[in-house]
Amino acid sequence: MNQQQTLFSKDELDRIDAEYGDWEGNEVARFLERAPERRETFRTGAGLDVKRTYTPVDMAATPWDDIGLPGRYPFTRGPYPTMHRGRPWTMRQIAGFGMAADTNRRFHYLMAQGQTGLSVDFDMPTLMGYDSDHPMSEGEVGREGVAIDTLADMEALFDQIDLEKISVSMTINPSAWILFAMYIAVAEKNGFDQAKLSGTIQNDILKEYMAQKEWIYPVRPSLRIVRDCITYGAQHLPRYNPLNISGYHISEAGAVATQEVAYTMASTIQYVQEAVDAGVDVDEFAPRLSFFFVSQADFFEEIAKFRAARRVYAKIMGERFGAKKPESCRLRFHAQTAAATLTKPQPKVNIVRTAFQAMSAVLGGAQSLHTNGLDEAYSIPTEEAMKIALRTQQVIADETGAADVVDGIGGSWYVENLTTRIEEEVWSILDEVEEMGGTIQCIDDGYFQRGIADSAYDYAIRKASGDRPVIGVNCYVEEDGDPEVEVHPHDPETERNQIAHLQRVRDERDESEVQQLLEELRNVAEDESQNLMPVTIKLVKAGASMGDIVENLRELWGTYRETPVI
Amino acid sequence: MTERIPSDELARRVREGSLRAAARLITRVEGGEDECRPALAELYRHTGHAHVVGITGVPGCGKSTLVSQLARTLRADGRRVGIVAIDPSSPFSGGAILGDRIRMSDLVEDPGVFIRSMATRGALGGLAKASLDAVDILDAAGFDIILIETVGVGQDEVDIVQAAHSTVVVSAPGLGDDIQAIKAGVLEIADIHVVSKADRADANRTVTELKTMLTMSMPSGPDQWYTPVVPTSAEKQTGLDELRDAIDRHRKHLIDSGALESKRSEIAANRMLKIAEGIVREDFRHQREADLADVLGRVSRRETDPHAGALELLAAVHTRIRHESTADPVQ
Chain V
5 MNQQQTLFSK DELDRIDAEY GDWEGNEVAR FLERAPERRE TFRTGAGLDV
55 KRTYTPVDMA ATPWDDIGLP GRYPFTRGPY PTMHRGRPWT MRQIAGFGMA
105 ADTNRRFHYL MAQGQTGLSV DFDMPTLMGY DSDHPMSEGE VGREGVAIDT
155 LADMEALFDQ IDLEKISVSM TINPSAWILF AMYIAVAEKN GFDQAKLSGT
205 IQNDILKEYM AQKEWIYPVR PSLRIVRDCI TYGAQHLPRY NPLNISGYHI
255 SEAGAVATQE VAYTMASTIQ YVQEAVDAGV DVDEFAPRLS FFFVSQADFF
305 EEIAKFRAAR RVYAKIMGER FGAKKPESCR LRFHAQTAAA TLTKPQPKVN
355 IVRTAFQAMS AVLGGAQSLH TNGLDEAYSI PTEEAMKIAL RTQQVIADET
405 GAADVVDGIG GSWYVENLTT RIEEEVWSIL DEVEEMGGTI QCIDDGYFQR
455 GIADSAYDYA IRKASGDRPV IGVNCYVEED GDPEVEVHPH DPETERNQIA
505 HLQRVRDERD ESEVQQLLEE LRNVAEDESQ NLMPVTIKLV KAGASMGDIV
555 ENLRELWGTY RETPVI
Chain C
62 MTERIPSDEL ARRVREGSLR AAARLITRVE GGEDECRPAL AELYRHTGHA
112 HVVGITGVPG CGKSTLVSQL ARTLRADGRR VGIVAIDPSS PFSGGAILGD
162 RIRMSDLVED PGVFIRSMAT RGALGGLAKA SLDAVDILDA AGFDIILIET
212 VGVGQDEVDI VQAAHSTVVV SAPGLGDDIQ AIKAGVLEIA DIHVVSKADR
262 ADANRTVTEL KTMLTMSMPS GPDQWYTPVV PTSAEKQTGL DELRDAIDRH
312 RKHLIDSGAL ESKRSEIAAN RMLKIAEGIV REDFRHQREA DLADVLGRVS
362 RRETDPHAGA LELLAAVHTR IRHESTADPV Q
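Chains V and C, in that order, give the protein sequences.
When we follow my numbering, the leftmost residue of the first sequence carries the number 5, and every step to the right adds one.
When we follow my numbering, the leftmost residue of the second sequence carries the number 62, and every step to the right adds one.
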């Protein structure tokens, strides 16, 4: 690769630069005399300087080889050569509430509306590995997601759904391997071919310690679980993504775009290293790694962010880990519009915000997309809110023409310049992480947490002071209070019914088999060289609940505790 | 033995900037000597120039080091700095290990710096009163900025901190939970947070917690003060310029928003009420034998109730104080 290769000759750049200077001295100066600009300095969401306008001079530092063509290293312009011209992104609205049958009905509704992928939200007890009858679960069962205790729930969740045809994404982390096991067991029971299963478990435990704070075990054993999912997936489920490295929650916790990409890549490096250290060839599993980013409010910066993330990832995999296959270097991602930007006042405005954010994701080359419901500042979305959100994606796909060209915004002097600046910032953060002893050390030292808190604080000041306008909140405020919004109802009977259901499974299972398998699980867990997946699959088939499995290993591994401060 | 100089003469010299006179007057204030009261009253009319900064934090948080480094930073700008130390563990108060004193020796010799530690016990009329009188004396002596260093625990100390124009709360990483819990009450009064020992990795968590707390309770609307978190490192000599700038920005904010005037009047009101309370308390102490025993006897026998008893005591105090203040030629 020739790093010196630029798109314009030196003479041409000099001429453009001279004209830029002349323009500033004449046209711009005359305008500024009459009317100053709205602010002294303009900055992106991540705080990068925004010049008045951009010219080829601003992308002189970016060689053609860093931009290139879609589907070709470093994949800046997209992971595939035809992108949305071949098939639009997967429209994947997340859903989950109540008992499995309730969510199953929502799935069938969404598919009838033209949704092309499924995505499951779980309730807090499931996310944290508690059974529905655990004291910690009280009041939370089925509230913010669907409740899953045993394989029977998982079967009800995917009732009448062809798992060979539709991909299913599951937002689940510390307890992910158990749901992965249940998913495999359901597919097997329904006669689907494991090799044809496509879908994703989030399983990104490192970002939990950084941002989302939903963990069970200490870092080391948690990473081992992730490793086991990756290696098991690589051997048995060639189309499944056993890890979805997520910047979304890092952003929602307050990080800016550059941090979102950098922290996600810091996690990536750690995960890949774990699997490589376990003796798996990088090209064997890397093609199945997938990503999840937010699509935030800063329109151009977000597009540049997605492009920069692909370029950085390609270089990490190619240069650092020596991946040979192109598929190992191409970053595929799911995007979700930014829940943190939704407002309670004037909730219909959220439809507009979401539409622009969705457009960024599409122009940035997303493989799948969730658009938020207008009512999500209030509660989990209603059917109607989800329909409008889905229609928003359909408008972009079918009416705007944005899906008809690959990387239509590529070559914008501004966006190319931003892409390169974001990439540079990401490398500088990654260098810092390296210098401080790597990703795990930085988690222990609270480095990522600090970076997120710094950005969240800065943003809160900008918002509170009105420097960052939020329509309906700090400007164009309507005095007559928040409007009536129809919110998704929570059924108080859910908890009782779910617990009764769990009890029935416990009564009907072969208890001695479960106990014997739990003992086997502990033995496997104690031996680092073994994989947790096979015995976990046996356990869920025997009727073991998530809580049975989680608690069993908690006795062995203990619980992660963040160092308390202040 | 030198002849005793009258306090009003000392006050005159204080206004000319004599550090020696200021030191002697503060000693008299600490001793609760009535003779210096007219002099203080005169000096008070010449205060209001200095910016008063309270710096508080638990023992071991690196407060004294911060104060001395901040003083040097301010000196580099040519500002005159007064330091009133109330922390019993402060090297200024004499509880120091030798190394601390040596580190500060350059300040001790600098005529643009005045350091005074207040006795934490036995200040007659209250520690807060004496300390704030000392601040007035330094203000009248022409100091640009006065740093009050306290551990911020106990009523007296909280009163002192609240009499500052800008309050700096110092937190350090790695102190135990029990120590940190003591501090919980003072976190809210901070205009500026400092995280000392920021060169340590675990300082990240301290900064994170503080910023998260501030983010949650961010005030909105125009003319708000957004409490900054300033990491400092004595070892790496970082953060001091940022702290100075934050203090200056806070002062500018107080002036621009008009908050300085209301803050001053609030401080004056608090001081007056505290002094009044002190007078009443002292009076009770002196009259305990007579009035108190009589009223107490009747309350014990259920002839009167505690509320009525208290009013009766106050009425007696009221008469006496009125009598004294007309007889006393103060001012």
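Please note that the accuracy of each hint is not assured.
[Stated by the list, open to error] One side only, chain V facing chain C, incomplete, derived with CB under 7 Å:
id: 1; residue: Asn30
id: 2; residue: Glu31
id: 3; residue: Gly450
id: 4; residue: Arg454
Keep in mind the hints are simulated off the structure, nothing from the lab.
Glycine included, each C-beta is placed from N, C-alpha and C at the ideal position.
Hint-by-hint comparison with the structure:
1. Among the interface hints, the one on V/Asn30 is violated; its C-beta lies about 37 Å from the nearest C-beta in chain C, farther than the 7 Å criterion.
2. The beta carbon of V/Glu31 comes no nearer than 35 Å to any beta carbon in chain C, farther than 7 Å, and the hint placing it at the interface is violated.
3. Look at V/Gly450: its Cβ gets to within about 4 Å of chain C, closer than 7 Å, so that hint holds up.
4. Hint status for V/Arg454 relative to chain C: holds, with the closest Cβ pair at about 4 Å, below 7 Å.
Violated hints for the displayed structure, listed by number in ascending order: 1, 2.
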